[in-house]
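Next come the chains, spelled out residue by residue.
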Amino acid sequence: MSRLFTVIDFELKSYTKNKSFMITTIIMVVLLFAGSFLPRLVDMSSVTGVKTDTLIGADLSDEEDGGEGDTENKDDVDHYMYYDESGMFESADDTAKLFEEIGLFTKVENKDDLKKAVEDDLCKGAFVIKDDLHYEYLVNNSSMNDSTQMMFEMVLQNIHKQNYIASHGLDASSFMEEYEAACEGEVTILGKDQSENFWYCYILVIVIFMLIIMYGVMIATSVTNEKSNRSIEVLVTSIDAKYLLFGKVIAGTLAVVVQAGSILAAALIGYGINRDAWGNKLDMILHIPTEVVITFAVFGIGGFLFYAFAYGAVGALVSKTEDINKVAGTVQMVIMIVYFVVLLNLSNPGNMIMKVFSFLPISSYSAMFVRIAMGTVTMPEIIISAVILYISTFFMGWLAAKIYRMGTLRYGNPIKITKAIKSALSKD
Amino acid sequence: MKLEVRNIRKTFGEKEILKGINFEVESGKALGLLGRNGAGKTTTIRILMDVFHANSGDILLDGEKFDPRKVMIGYLPEERGLYPKRKVLEQMVYLARLRGVDKKTATENSIKWLKRLEVEEYATKDLETLSKGNQQKVQLASTLVSDPEIIILDEPFSGLDPVNSQILKDVVNELIEVGKIVIFSSHQMSYVEEFCRDIVIINHGEIILSGNLLEIKKEYGKSQLVVSSVDGDLSKLRNFIEDSLSDIVEVTGVNKTDVIVKLLEGKTRMEFFGAISDRAAKERIEIEHFETYKPSLNDIFVERVGEEELHEKEENANGGEDNE
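These protein sequences, in sequence, are chains R and C. The first sequence runs 3 to 430 under this note's numbering. The second sequence runs 14 to 337 under this note's numbering.
Incorrect hints may have been included.
[To be verified] Taking lysine to aspartate or glutamate and the EDC-like style, the derived pairs with C-alpha atoms no more than 20 Å apart in a straight line are:
no., chain 1, residue 1, chain 2, residue 2
1, C, K117, R, D11
2, R, K15, C, D115
3, C, K100, R, D11
4, R, K15, C, E103
5, R, K15, C, E141
6, R, K19, C, E92
7, C, K116, R, E324
8, R, K15, C, D139
9, R, K19, C, D139
10, C, K78, R, D96
11, R, K421, C, E27
12, C, K83, R, E324
13, R, K322, C, E92
14, R, K21, C, E141
15, C, K98, R, D96
16, R, K132, R, D96
17, R, K21, C, D139
18, R, K21, C, E103
19, R, K424, C, E27
20, C, K98, R, E324
21, R, K322, C, E141
I should point out that these hints are in silico values taken from the structure, not numbers from a laboratory. Just so it is clear, the structure is predicted and the values come from calculations on it, not from any experiment.
If we strip away everything but chain R, and leave its shape as in the complex, we get (with noise of 0.2 Å):
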């Protein structure tokens, strides 16, 4: 056994040697826990909601200078011109009054003169008031994300509501208290609410998927390394092969959970931090409840070693690296296929597809771990599927392990997976 661990400390030594995924590791982490400070040094709020002044003090200088950013904030304010061809409108001031949510509103005099203004830019969009419920809406070049016309229909709408009202000599306060009562109503989920934890699960089934593809590349590469080098004759004879196998795909594992979790760690405790400063809007995305965080660590760890084990002997198969592609598109291709069917079950985890999924061992890493932490699932089937998923694991070790010995010496073509099974099973 002491054997084994000298195996995974050499071959994580391979990895914390290398100055690529050290530095990446490391600026990842700073990256994302000093980013998660940003909103108490810098001014977010029309991103966080929350002022920054509220939160690292207050700044006085800011009360001195009001006039000027309220100068600022005309400056901001849209322009808009009308020509009020029904007459309805007794002042300019209170009309725009009446406007002030969605601009800036001038009156013109006439038509041509509206027009005009609009043809040389000097407002946004400029509108001819025909009576309370008619309106032409001029615009230079209409644009996609333009709600101008529809602010301005509420409001010509809230208008023509209180003509109404007042023409037929009712209390305008108590009818509009009646015309807009609100429901009250209250929510009570039993299950799991799928609008808090659908983005989170989307970022984390990305995230596996992309350990997986990442760091089981890197395996088969070390492995196939070891058989172009010709290095593997002498391991082979130096120790039994199921001992290196094992050692390089956890020495591999260890180095994904250090990395990915040292990286969710910084994002997860900086973002806890200062959850306040963002105005809890990243909750959705970085607010991760700690049993689901364990979810995804029992069966990522899970999916990860078994798909490390796979690449292993995917990369015992060739004896080049460039080869590794040709032997590993059927791993590659469950792994995506797994990814695929996940995402576009993602929100509907109760569905037969995900419940045959989180029970089979090349999809449960992820199609359990989504089942928790968006559906109902008992703590009998999560149990199950962890034992299936681990059982499976460790005969997929045993089975690349004999893959691995049998390819040590067969230097050459790519062996077929299906004839390396063949030969790995027999006693020969």
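We have chain R; now place chain C onto it with these hints.
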């Protein structure tokens, strides 16, 4: 300690690679495993190291079933290879620890062997930065780092210059002196002659000659003699022997200074000495000296393997005729 290989057979697919290999070697002795390319030497070694499994046969160490992972073995494979991008010392310690040596001893042994092979200044360098010859020496140091009882060297001299070859020769002699079992596979017969007490010549998966090298040489030289003349004219001497002494000897070869002859069956050295003295005087050939022929291992190898090849060709030709 005595290592015995008994009747090892191995097939790959339909092809029989080893057809019953037998040999034994004891502590403090070296065995030379010889053969042409593809003869089966490396396969034999790989079976010994449990890289391949034999179809039948036994390998015993002191009468018990041999397990290469339970005995300290230093194996230098024909296909050399270490980690090019790792430090020399780091990978030597790793290989020793894989064989169960503790870290402290592994480090001490690594430094000791790097010093002995005169490459200690590269201990903290990446292997790929070393010259091919120095990489070869690091590989040999890695083979010996676990202080093995059995040392298997497959073509250890390939890639070494004469100076490094001398260092390696000294190291191998020291290992034999301190009682290690050394199994030595090489095409370079001169090295085998220097180290090995016993040899095994394999051809097409079969042993065609084995035993004590001195006895083999003696046996080969027993009925053969070398003759030289004062004038050094070897073609004249050869013609004379072939014309005048063909009733007693046959010429088997010519080397740089002598004509090599073989006594015909039933003829003795005394008859040859008497005849050559009389007949050479008549032909005015002045004989300088004659003595028992001492063949080199190379001569024995070429002759023995050559005979086998010829025999096989004849058999194949006869088989062909029969088929016709």
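Results of checking the hints against the structure:
Under the criterion of a C-alpha separation no larger than 20 Å, the hint pairing K117 (chain C) with D11 (chain R) is consistent with the structure, at around 16 Å. For the hint pairing K15 (chain R) with D115 (chain C), the CA-to-CA distance comes to about 19 Å; that is within 20 Å, so the pair holds. A threshold of 20 Å between alpha carbons decides the hint, and for K100 (chain C) with D11 (chain R) the separation of about 15 Å falls inside it, so the pair holds. With a CA separation close to 10 Å, the supplied pair K15 (chain R) and E103 (chain C) stays within the 20 Å bound.
For the given pair, K15 (chain R) sits about 18 Å from E141 (chain C) by alpha-carbon distance, which is consistent with the 20 Å threshold. Restraint check for K19 (chain R) and E92 (chain C): not satisfied, since their Cα atoms lie roughly 27 Å apart, outside the 20 Å limit. Distance check on the hinted pair: K116 (chain C) and E324 (chain R) sit about 36 Å apart at the alpha-carbon level, beyond 20 Å; violated. With a C-alpha separation of about 14 Å, the suggested pair K15 (chain R) and D139 (chain C) falls inside the 20 Å cut-off, and the hint holds.
Of the supplied pair hints, the one linking K19 (chain R) and D139 (chain C) holds, its CA atoms being roughly 13 Å apart against a limit of 20 Å. Straight-line distance between C-alpha atoms of K78 (chain C) and D96 (chain R) comes to about 107 Å, which puts the hinted pair past the 20 Å bound. Simply put, K421 (chain R) and E27 (chain C) have alpha-carbon atoms about 17 Å apart, close enough for the 20 Å limit, and the pair holds. Taking the CA atoms of K83 (chain C) and E324 (chain R), the gap is about 37 Å. The hint is violated against a cut of 20 Å.
Distance restraint check for K322 (chain R) and E92 (chain C): the Cα-Cα separation of roughly 16 Å lies within the 20 Å cut-off, and the hinted pair is therefore satisfied. The hinted pair formed by K21 (chain R) and E141 (chain C) meets the criterion: a straight-line CA distance of about 18 Å does not exceed 20 Å. About 80 Å separates the Cα atoms of K98 (chain C) and D96 (chain R), which puts this hinted pair outside 20 Å; it is violated. Proposed proximity of K132 (chain R) and D96 (chain R) is supported: the alpha carbons are some 18 Å apart, at most 20 Å.
Distance check on the hinted pair: K21 (chain R) and D139 (chain C) sit about 15 Å apart at the alpha-carbon level, within 20 Å; holds. Taking the CA atoms of K21 (chain R) and E103 (chain C), the gap is about 18 Å. The hint holds against a cut of 20 Å. Of the supplied pair hints, the one linking K424 (chain R) and E27 (chain C) holds, its CA atoms being roughly 17 Å apart against a limit of 20 Å. Distance restraint check for K98 (chain C) and E324 (chain R): the Cα-Cα separation of roughly 18 Å lies within the 20 Å cut-off, and the hinted pair is therefore satisfied.
Of the supplied pair hints, the one linking K322 (chain R) and E141 (chain C) holds, its CA atoms being roughly 18 Å apart against a limit of 20 Å.
When held up to the earlier numbered hints, the structure conflicts with 6, 7, 10, 12, 15 and fits the remainder.
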